[in-house]
Amino acid sequence: MSPVPSAGTAGGKLFDYAPAPESRAAAGPIEPRYGHFVNGEAIEGTGRETLTTLDPSTGLPLAEFAQGTAKDVDRAVRAAREAFPGWAALPGAERAKYLFRIARIIQERGRELAVLESIDNGKPIRETRDVDLPLVAAHFFYYAGWADKLEYAGFGRGGVPRPLGVAAQVIPWNFPLLMLAWKIAPALATGNTVVLKPAETTPLTALRFADVCRQAGLPRGVVNIVTGDGRTGAALTAHPGVDKVAFTGSTEVGRAIARSLAGSRTRLSLELGGKAANIVYDDAPIDQAIEGIVDGIFFNQGQVCCAGSRLLVQESVQDEVMEALKRRMATLRVGDPLDKNTDVGAINSAAQLDRIRELADAGEAEGAQRWSPDCELPSAGYWFAPTVFTGVSASHRIAREEIFGPVLSVLTFRTPEEAVAKANNTPYGLSAGVWTEKGSRILWTAARLRAGVVWSNTFNKFDPTSPFGGYKESGYGREGGRHGLEAYLDV
Amino acid sequence: MSEPLLRLSVQKTYKHYVGGAFPRSESGLVYEVTDRRTGDWLANAPRGTRKDARDAVAAARRAAPGWSGATAYNRGQVLYRAAEMLQGRRAQFAEEVAAAEGVGLKKAAALVDAAVDRWVWYAGWTDKVAQIAGSANPVAGPYFNLSTPEPTGVVAVLAPQSGTGHSLLGLVSVLAPVIATGNTAVVALSPGAPLPGLSLGEVLASCDLPGGVANLLAGRTEDIAPTLASHSDVNALDLTGANPDEGSGSARALEVLAADTLKRVRRPAPAPDGEDWTAAPGTDRLLAFLETKTVWHPMGI
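Protein chains in written order, with my numbering: chain A, 1 to 491; chain B, 1 to 301.
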């Protein structure tokens, strides 16, 4: 590979941007201490243990919240069970109007929720404001419209398909409010009631969503939120009173849940890990591809299950692509999540930062070449510079394991067949990318990729009408679109 | 020239159907299958083993690219021919079903007719399923966005052990939808009624179905099914005919094994004995072993 000049000369001197910070006060008041949200009320947890959520950009505590006990979970499941018959019996058009209200309230309170999300998660305000929150509102709006049209969705054998009952939903920390929307909106539209457990590092927007439910006048017990770590999640997903479990998170936990539900009648949908290939053919529009590669791996600090973490470049354009990629990476602004100029924010937690560091170190130890642009990282909080590894082979850990951070592994190929074989050489199958100007090559490649979402000449696009979910060990079931209804219907 | 008073019939050695061939069990073991009506000896069926199951999975995996890549029209033609071949051997299958399920010959013939019709029904679905299971998605942006169903891959199927018509009609009802949608299958036949299924292998071998698309094994569920449930190259598991007890061939035990590789699992009916295989099937088995792939592309000039 040709030597790449350092960022300063390759991309020219970066403009100095004056800070453009969003106001922290816009997040609204953060309580010092939170309990659960059960049966329409904020309640104290029954256990003594509390957890603390931190601002990952500073490492400073934001709030304490309850570590949900089995008793708390039981109370929430009972509330959801009691609310179920009434909610399911509501005319679909009435359920729809509650969801439309929620969508509208989220739009109205979009700025507040975006700032709160950025503070609790560490992701740039540009993303929470322009991606997360618009998608959250759109998701509720989309499924609201389905609530009174379920008999036309093509599930069941005529008539209105029935809901399952109480849904236990466990969501991750990477898109806290968006994952809440992906879980709650279809569940409620189809007539189920829910108990949702947000991740233990990002509970604040879920707890604020309880206030959105209050404003919408949602009947008590239809949405219940229990906070806590994996122990609370395990108590919830194994609770005998739930009819449906929906989990988004690690493949390891997904396996454990599948095992625990074996032999039961509880339905399960899983959205798990990924190690997506992003294939760049020699005829790709390089400038667009570079934007897609950057968006694919540095969006949300790479903490995305569908991140394009394995770049597969055709050998003949490798030098050109790498040079352009490094030039572009040098312009990424890493820093304060609340600064509107920030491209890459903070890593969500110390534990996640440790995992990213451990895998990146393994990449070096196994012989791959590591590169990051010169970038000054804040001294407090959790940060990791955008990183790319070249000279990666298929057996390296950084090519096989999900890093869930801003770390890109670059592999090369010579023929389309080799690209497809390498792309599919993973137990995961969540997403993939293809870059080429040739339409027939896109379709040929897309048809052979064993992945649930294929972005061609684009990456990391999401929409409530578009089904999302994996092949193989990336899980089963789809979220979004008409397909997303099935996971919550008794069909 | 005088004719013998009695002609001794030539009996068939029943064998597995794997990779388009008819091997015996690698174990060399067989077990006795008797007539449900009389208790008389019918045949020695091969007693499949873990190794037989692994060989069948390998055959199914080899066949997967060709079969999933065949046109839907071609798959429909091949499956329709399976119905033609089955129709031509109606009398033989009626005998086998009568003996396997302990029903009268007339009832058995009706069950064979229903099995023929079921092949025809599923053959017609091959080039329509994408139209009912796929969608064009109106995303809020300048993108073409299309969701299409694709076969899950290799599907292990435990054929029904009970219910009206389970030995042939039930088998066809669980196998046909799996291969109609482009999957390849490894089927553990009903241990108590394997003969119609083993004979079905002869039908499948003569209908242009590529070898390895459907593989049929006889034997004890607890010997074969755990290997299928835990095999990394099996993508999905249909537990319709899981053992009703709590042993290693039970639905629960097999689902636990399947969780390790996150297989798609279709659970058995709450009361498998009560299943009526003559009832209209609906599309749920057809849609059970599909993956939805969504492809995005920008629109612009």
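Among the hints, a few may not be true.
The list that follows gives simulated cross-link-like pairs (lysine to any residue, SDA-like), each with its CA atoms no further than 25 angstroms apart [claimed, not checked]: (1) A:461 to B:107; (2) B:107 to B:5; (3) A:438 to B:142; (4) A:438 to B:68.
These are computed hints drawn from the structure, not numbers from a lab.
Hint check results:
1. Among the hinted pairs, residue 461 (chain A) with residue 107 (chain B) is inconsistent with the structure: their alpha-carbon atoms are about 57 angstroms apart, more than 25 angstroms.
2. For the hint linking residue 107 (chain B) to residue 5 (chain B), the alpha-carbon distance of about 32 angstroms lies beyond 25 angstroms, and the restraint is violated.
3. Of the pairs offered as hints, the one joining residue 438 (chain A) and residue 142 (chain B) holds, with about 19 angstroms between alpha carbons and a cut-off of 25 angstroms not exceeded.
4. About 24 angstroms separates the Cα atoms of residue 438 (chain A) and residue 68 (chain B), which keeps this hinted pair within 25 angstroms; it holds.
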